[in-house]
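2 protein chains.
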Amino acid sequence: MQRLPGYTYGTPLVPQSPVSLREFEWMKATAMFTDEDVRYLRMSLAILADQTAEIVEKWYEFVGSQPQLIRYYSTPAGMPLQDYLARTFARFQQWIIDTAEANYDQDWLNYQYEIGLRHHHTKKNRTDAAPALPHIHYRYMVPLIYPIVATLKPFLARKGHSPEEVEKMWEAWLKAVLLSVALWSQPYVKPGEF
Amino acid sequence: MQRLPGYTYGTPLVPQSPVSLREFEWMKATAMFTDEDVRYLRMSLAILADQTAEIVEKWYEFVGSQPQLIRYYSTPAGMPLQDYLARTFARFQQWIIDTAEANYDQDWLNYQYEIGLRHHHTKKNRTDAAPALPHIHYRYMVPLIYPIVATLKPFLARKGHSPEEVEKMWEAWLKAVLLSVALWSQPYVKPGEF
Numbered sequence: 001m002q003r004l005p006g007y008t009y010g011t012p013l014v015p016q017s018p019v020s021l022r023e024f025e026w027m028k029a030t031a032m033f034t035d036e037d038v039r040y041l042r043m044s045l046a047i048l049a050d051q052t053a054e055i056v057e058k059w060y061e062f063v064g065s066q067p068q069l070i071r072y073y074s075t076p077a078g079m080p081l082q083d084y085l086a087r088t089f090a091r092f093q094q095w096i097i098d099t100a101e102a103n104y105d106q107d108w109l110n111y112q113y114e115i116g117l118r119h120h121h122t123k124k125n126r127t128d129a130a131p132a133l134p135h136i137h138y139r140y141m142v143p144l145i146y147p148i149v150a151t152l153k154p155f156l157a158r159k160g161h162s163p164e165e166v167e168k169m170w171e172a173w174l175k176a177v178l179l180s181v182a183l184w185s186q187p188y189v190k191p192g193e194f
Numbered sequence: 001m002q003r004l005p006g007y008t009y010g011t012p013l014v015p016q017s018p019v020s021l022r023e024f025e026w027m028k029a030t031a032m033f034t035d036e037d038v039r040y041l042r043m044s045l046a047i048l049a050d051q052t053a054e055i056v057e058k059w060y061e062f063v064g065s066q067p068q069l070i071r072y073y074s075t076p077a078g079m080p081l082q083d084y085l086a087r088t089f090a091r092f093q094q095w096i097i098d099t100a101e102a103n104y105d106q107d108w109l110n111y112q113y114e115i116g117l118r119h120h121h122t123k124k125n126r127t128d129a130a131p132a133l134p135h136i137h138y139r140y141m142v143p144l145i146y147p148i149v150a151t152l153k154p155f156l157a158r159k160g161h162s163p164e165e166v167e168k169m170w171e172a173w174l175k176a177v178l179l180s181v182a183l184w185s186q187p188y189v190k191p192g193e194f
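Protein chains in written order, with UniProt numbering: chain D, 1 to 194; chain A, 1 to 194.
No lab work stands behind these hints, which were simulated from the structure alone.
Built from N, CA and C at the ideal position, the CB exists for glycine as well.
Heads up, a few of these hints could be off.
[Said to hold, decoys possible] The calculated lysine-lysine pairs, modelled on DSS-like cross-linking and capped at a C-alpha distance of 25 Å, are:
id	chain 1	residue 1	chain 2	residue 2
1	D	K190	D	K58
2	A	K124	A	K58
3	A	K58	D	K190
4	D	K153	A	K123
5	A	K153	D	K153
6	A	K123	D	K168
7	A	K168	D	K159
8	A	K124	D	K168
9	D	K58	D	K153
10	D	K168	A	K168
[Unchecked claim] Coverage of chain D stretches by chain A, computed from C-beta distances (three or more under 8 Å per stretch; other residues unrestricted):
id	segment
11	9 to 18
12	24 to 30
13	132 to 143
14	167 to 179
15	186 to 193
Bound-form chain D, shown alone:
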């Protein structure tokens, strides 16, 4: 199977998540995430699969317009790193697919830990040998949830689904992104406080 550069989902390169599947069930319940959300995420898969490049382009346009965000893809002197941006672009597309597939198993959980580590200074830049800022500050992680999910909505509505279905898919996405960001936060949080 052809792998995207740096995409290690389901491989032995991914460390074990410090959060257990059982603990994750409690997190899901907290976000009111149910099997219905799994169904709506999977409904969104067929809709989004051929639109991932366009979606990530919108995200990149936004990030590119925000000096406080584009610097994480830039050298410390402020030069945006095109190679790094291109490699993460492809993995972002894959992340849309992975999220819409909604397979909340141990491989998925472990990969959320890996994604968190790649935002945090533990692993930031390592995957792509990028000379960028070495750490994404946590203060932007939760606010970024809004542009991520807001961008998706018109794409979900493009293939003729009813307004109610679009709304349900979008709510499932909001919950899924909240849960992912919660897991990505783990490396940032002081020991014992997560």
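Once you've looked at the hints, dock chain A against the given chain D.
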């Protein structure tokens, strides 16, 4: 002025936020939060002001139904603390008002820090001398954003506003809660990583 027990907003009892107003402006931009959101939050104030008890009741019903959440309002042996629940109930109502007023000044910023400390073991339980679990685990803070905002939507729609206005108010609330939770996270994050 009559004060709610433990409600110290705007008083010298509240410590200075470690996040500056300038840094918070960058966080707002990251959440796509604009002056339009301020207007829609303030529009929601008149709608929500006389419904805060009913809204917080809904939140409490949800928290009460979730063993992983109600334990933070319970003794370590699992006995829910009615006095503690009643005191936080009244402050939750006030939080709705404060959020809808959308005065993003130094007092507001400082109080978000205080709220974060009251979730974190630094100050959990101190305000109410409550013998409850001493720390709210971070893993639930971001997932809880969904039930908080989802509960609001029908209340925003109850006073005859157009579906578009309701949607705009709700999106402003989503952004506002993301920004608040981002600030509440600060005490949990390792030094230099926020």
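Quiz item: Holds or violated: are the alpha carbons of A/K124 and D/K168 at most 25 Å from each other?
Solution: 36 Å, violated
Quiz item: Hey, A/K58 versus D/K190, does the alpha-carbon distance stay inside 25 Å?
Solution: Not OK: A/K58 and D/K190 at ~32 Å, beyond 25 Å, violated.
Quiz item: Per the coverage rule (Cβ-Cβ under 8 Å, at least three residues), is the segment 9 to 18 of chain D covered by chain A?
Solution: Violated: only 0 residues of the segment 9 to 18 of chain D have a Cβ under 8 Å from chain A.
Exercise. Please work out if A/K123 and D/K168 have their alpha carbons no farther apart than 25 Å.
Key: Not satisfied, since the Cα-Cα distance of roughly 38 Å exceeds 25 Å.
Quiz prompt | D/K153 paired with A/K123 [C-alpha distance capped at 25 Å] | solution = Distance of about 39 Å is beyond 25 Å: violated.
Exercise. Verify the coverage statement for the segment 167 to 179 of chain D against chain A, using a C-beta to C-beta distance below 8 Å and requiring 3 or more qualifying residues.
Key: That given contact holds, which follows from 5 residues of the segment 167 to 179 of chain D lying within Cβ reach (below 8 Å) of chain A.
Exercise. Decide if the proposed pair is consistent with the structure: D/K168 and A/K168, CA atoms, cutoff 25 Å inclusive.
Key: 18 Å, holds
Practice problem: Mind checking the alpha carbons of D/K58 and D/K153 for me, to see if they're no more than 25 Å apart? | Solution: 12 Å, holds
Quiz item: Given the proposed pairing of A/K168 with D/K159, does the C-alpha separation stay at or below 25 Å?
Solution: 24 Å, holds
Exercise. State whether the coverage of the segment 186 to 193 of chain D by chain A holds or is violated, taking the criterion as 3 or more residues with Cβ-Cβ distances under 8 Å.
Key: holds (count 5)
Quiz prompt | Coverage of the segment 24 to 30 of chain D by chain A, judged on three or more residues with CB within 8 Å | solution = holds (count 5)
Practice problem: Starting from D/K190, check that the Cα of D/K58 is at most 25 Å away, please. | Solution: 34 Å, violated
Taken one by one, the earlier hints fail for this structure at numbers 1, 3, 4, 6, 8, 11, listed in ascending order.
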